[in-house]
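**Student:** Sequence:
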Amino acid sequence: GMLMLGNLFRESGVTGRLHETAETHLINIVTILLALAVGSSMTADSFLRLETLKIIILGLLAFSFATVGGVLFGKLMCKMTGGRVNPLIGSAGVSAVPMAARVSQKVGAEADSSNFLLMHAMGPNVAGVIGSAVAAGVFISLFGDVAILEPHASIADIVGSVEPGAKAAIAQVVGALHP
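For my numbering, add 1279 to where a residue sits in the sequence shown, where the first one is 1.
Everything labelled a hint here was simulated from the structure, so no lab data went into it. A quick note: this is a predicted structure, and the numbers were derived from the prediction, not measured. Check each hint, because a few of them may be wrong.
As the list claims (entries may be wrong) - Okay, the calculated beta carbon distance ranges per label pair:
1) 1330 <-> 1393: 46 to 56 Å
2) 1391 <-> 1312: 39 to 49 Å
3) 1410 <-> 1328: 20 to 30 Å
4) 1359 <-> 1412: 22 to 32 Å
5) 1284 <-> 1417: 27 to 37 Å
6) 1331 <-> 1304: 25 to 35 Å
7) 1333 <-> 1289: 42 to 52 Å
8) 1297 <-> 1362: 37 to 47 Å
9) 1363 <-> 1316: 46 to 56 Å
10) 1360 <-> 1322: 52 to 62 Å
11) 1408 <-> 1388: 17 to 27 Å
For each residue, glycine too, the CB sits at the ideal point set by N, CA and C.
Go ahead and model the full structure; you've got the sequences and the hints to work with.
**Tutor:** What follows is the structure in structure tokens.
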């Protein structure tokens, strides 16, 4: 679907206008519709809990520590390589694709207009996504049968209905890790 949409943008001859619409107005409309769909299906008693606030705070702390750690490691790499590595690359090591890389590019361009860090920042940015996926896999394999919301529910039950084959595969992986 997205490949067809990209080809349509390119072949229509009005790519600039369509690109601008997709980047601004359309993304705002889709965001509003998604928020309405999720918000209308959620009840206050399932969202307004202490656990929800804890999750939001932990997420903000994790994102902050990851960004600070990335910048510090970037500065270390800059010193170790004699200044050949831009320390701003480290700040893109979080899994907020592509915004973290864009922020690194913008801050770098403000300091020096000849800086073009976007493609270099995408590497750590994608590595952050891969690291998040690996960490999630480890947590699911270690704590797959532990749930915060219900004492005896599995992660698959909380997330929603999962194919029986996928549920069996998760059970096999957890069983292999914890015989």
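**Student:** Taking the numbered hints from earlier one at a time, note which ones the structure violates and give those numbers from smallest to largest.
**Tutor:** none
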